[in-house]
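2 protein chains.
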Amino acid sequence: MQIVIALFDRFASLDAVGPYQVFTHLPGAKVIFSSERAGLVCDESGSLALRAEASYQDVPSPDVILVPGGPGQAGQMAPSPLTDWLIAADKTSTWTTSVCTGSLILASAGLLAGREATTYWTAHGELGRLGATPRQERYVFDGKYVTSAGVSAGIDMALALCGKIAGDDVAQQIQLGIEYDPQPPYSAGSPATAPSAVVAALSAASRFGRD
Amino acid sequence: MQIVIALFDRFASLDAVGPYQVFTHLPGAKVIFSSERAGLVCDESGSLALRAEASYQDVPSPDVILVPGGPGQAGQMAPSPLTDWLIAADKTSTWTTSVCTGSLILASAGLLAGREATTYWTAHGELGRLGATPRQERYVFDGKYVTSAGVSAGIDMALALCGKIAGDDVAQQIQLGIEYDPQPPYSAGSPATAPSAVVAALSAASRFGRD
Numbered sequence: 002m003q004i005v006i007a008l009f010d011r012f013a014s015l016d017a018v019g020p021y022q023v024f025t026h027l028p029g030a031k032v033i034f035s036s037e038r039a040g041l042v043c044d045e046s047g048s049l050a051l052r053a054e055a056s057y058q059d060v061p062s063p064d065v066i067l068v069p070g071g072p073g074q075a076g077q078m079a080p081s082p083l084t085d086w087l088i089a090a091d092k093t094s095t096w097t098t099s100v101c102t103g104s105l106i107l108a109s110a111g112l113l114a115g116r117e118a119t120t121y122w123t124a125h126g127e128l129g130r131l132g133a134t135p136r137q138e139r140y141v142f143d144g145k146y147v148t149s150a151g152v153s154a155g156i157d158m159a160l161a162l163c164g165k166i167a168g169d170d171v172a173q174q175i176q177l178g179i180e181y182d183p184q185p186p187y188s189a190g191s192p193a194t195a196p197s198a199v200v201a202a203l204s205a206a207s208r209f210g211r212d
Numbered sequence: 002m003q004i005v006i007a008l009f010d011r012f013a014s015l016d017a018v019g020p021y022q023v024f025t026h027l028p029g030a031k032v033i034f035s036s037e038r039a040g041l042v043c044d045e046s047g048s049l050a051l052r053a054e055a056s057y058q059d060v061p062s063p064d065v066i067l068v069p070g071g072p073g074q075a076g077q078m079a080p081s082p083l084t085d086w087l088i089a090a091d092k093t094s095t096w097t098t099s100v101c102t103g104s105l106i107l108a109s110a111g112l113l114a115g116r117e118a119t120t121y122w123t124a125h126g127e128l129g130r131l132g133a134t135p136r137q138e139r140y141v142f143d144g145k146y147v148t149s150a151g152v153s154a155g156i157d158m159a160l161a162l163c164g165k166i167a168g169d170d171v172a173q174q175i176q177l178g179i180e181y182d183p184q185p186p187y188s189a190g191s192p193a194t195a196p197s198a199v200v201a202a203l204s205a206a207s208r209f210g211r212d
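Protein chains in written order, with my numbering: chain W, 2 to 212; chain V, 2 to 212.
These are calculated hints, taken from the structure and not from any lab test.
None of these values were measured; they are calculated from a predicted model.
Certain hints may be false.
One copy or any two copies: either way a pair holds, since identical chains are not told apart in the list.
Simulated pairs of lysine to any residue, SDA-like, Cα-Cα distance not exceeding 25 Å [to be verified]:
#, residue 1, residue 2
1, LYS165, ALA198
2, LYS165, ALA79
3, LYS92, ALA202
4, LYS31, GLY168
5, LYS145, PRO185
6, LYS31, HIS125
With the hints as constraints, model all of the structure from the sequences given.
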C-alpha cells in the first residue's frame, strides 16, 4: 500500500509528520513524501526542511493521499500543480485525506463538492464557500474522503483510518506504540474550551477572519 | 531564545516534530535542528529525512536542549558525540529536555543521576538502571530537566514548558493554534488502558523487555 503525503512550501510540519508517524507503523504501508519537485521543502517557519523523495509525477496512483495544511495552502489552490495531480490521483485512490487547511485544497480541486468535511477551526466558512458542508468534528469520513481539523487532528484521523484499513487491533497497537495517551496541560485546544481572550487573539490573527 | 533539537540516525520523527511545532510558535524562539554533522538525517523508517542545519559544534550553548528518542537511541549512549555535546551544553542551558527514550541518552550522559524522570513505557526499568528515578507520568519536571513519556508525549511536555517560559496565556494560544483538542479513536495509548493483548504484543517487540 502506497501512502503519499504531498508537501509544499510553508506547510505545517505536524500536519504531515503526525499522520506519517502513525502510517509508518502500518503493516505493508510505504509512506512517500512528494512535492512539485523532489528535494527539500521548507515548513511555515523555514526552520524545518523535509525531503520530498518523489515529484508528483513520480507517484501518479497512491492508495492513500494526504494533503497537509499550513500558511502555504493559499498558494496551492486550483489551478496548481498540486490540484492537477490531486484530480488525477484521486481517480484511483482508495482514500483521499487532508489535515487542517489541506481540505481547502481538496475542495478547490472540486473533490469535496457537496461532501461533509472539516478543517482548521477558523476556516469553516471558507470550506463552505468552496462547496463542502463544514462539520465541527475532529475528523470526518464521507465515502473515501477523510478530512481532519487543525494540525494535531491528523494524528486522530490517521489512527481512525488505520483502523478502517487494518482493523482495530492494529490501530490500537500503533496508538500504544506512539504512547498516544494525550494529557494537554491546558483545556485550550478548541474554541469551545479555550479562554475567550485566547480565542479572540487567534481569530484576529486568522487568515480567514471570524467564521 | 535558541532551542536546539538534536537529531540522529533512526530517531522517531514525532518525538522531534511534535515539540518543534509547538516551539515554533513561541515568541522570540529560534528552533534549530542539529546533528553530528549538518545535513539530512533519516528517521527510524528511512522514509523521512529532516535537515539538520547545524552540527553540534555550531550550537554550543542553546537555551533549551531537546533530545528525541527512537530506535537509534541505542547508538547514541555515552560516550558518543551527542553525549559529549550534551554534557557541555547542559552546563549553560536553561532547560534540558527529552522525549521518549531520549531520556536514556540524557541519563547515560549522567544528567539525570538521582533525578525523577520518565521515558517510553517499556523503558522505565532501563531508565532506573541508568541512575534516574522513573516516574509513570506524561512528563516530569525536576529542576531544569524535563522528560516526557513516549513519542506523542513531547507535545504535552512542550506546551507545559512554553507555559513556564512565556506564561499560560501564550501556551494556550499555541495550543489553540495547533487545535490540540485530542480525541483518539481508541483508549489504547497507555498500557494501563490498552487491551491486554495489545500490551502483550508491544511488550514482546520491545527492545527493553517487560519492565
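Results for each hint:
no. : hint             : result
1   : LYS165 to ALA198 : between (39 Å within a copy, 19 Å between copies)
2   : LYS165 to ALA79  : neither (30 Å within a copy, 43 Å between copies)
3   : LYS92 to ALA202  : neither (41 Å within a copy, 37 Å between copies)
4   : LYS31 to GLY168  : within (18 Å within a copy, 41 Å between copies)
5   : LYS145 to PRO185 : between (31 Å within a copy, 20 Å between copies)
6   : LYS31 to HIS125  : neither (32 Å within a copy, 31 Å between copies)
Violated hints, in rising order: 2, 3, 6; the structure is consistent with all others.
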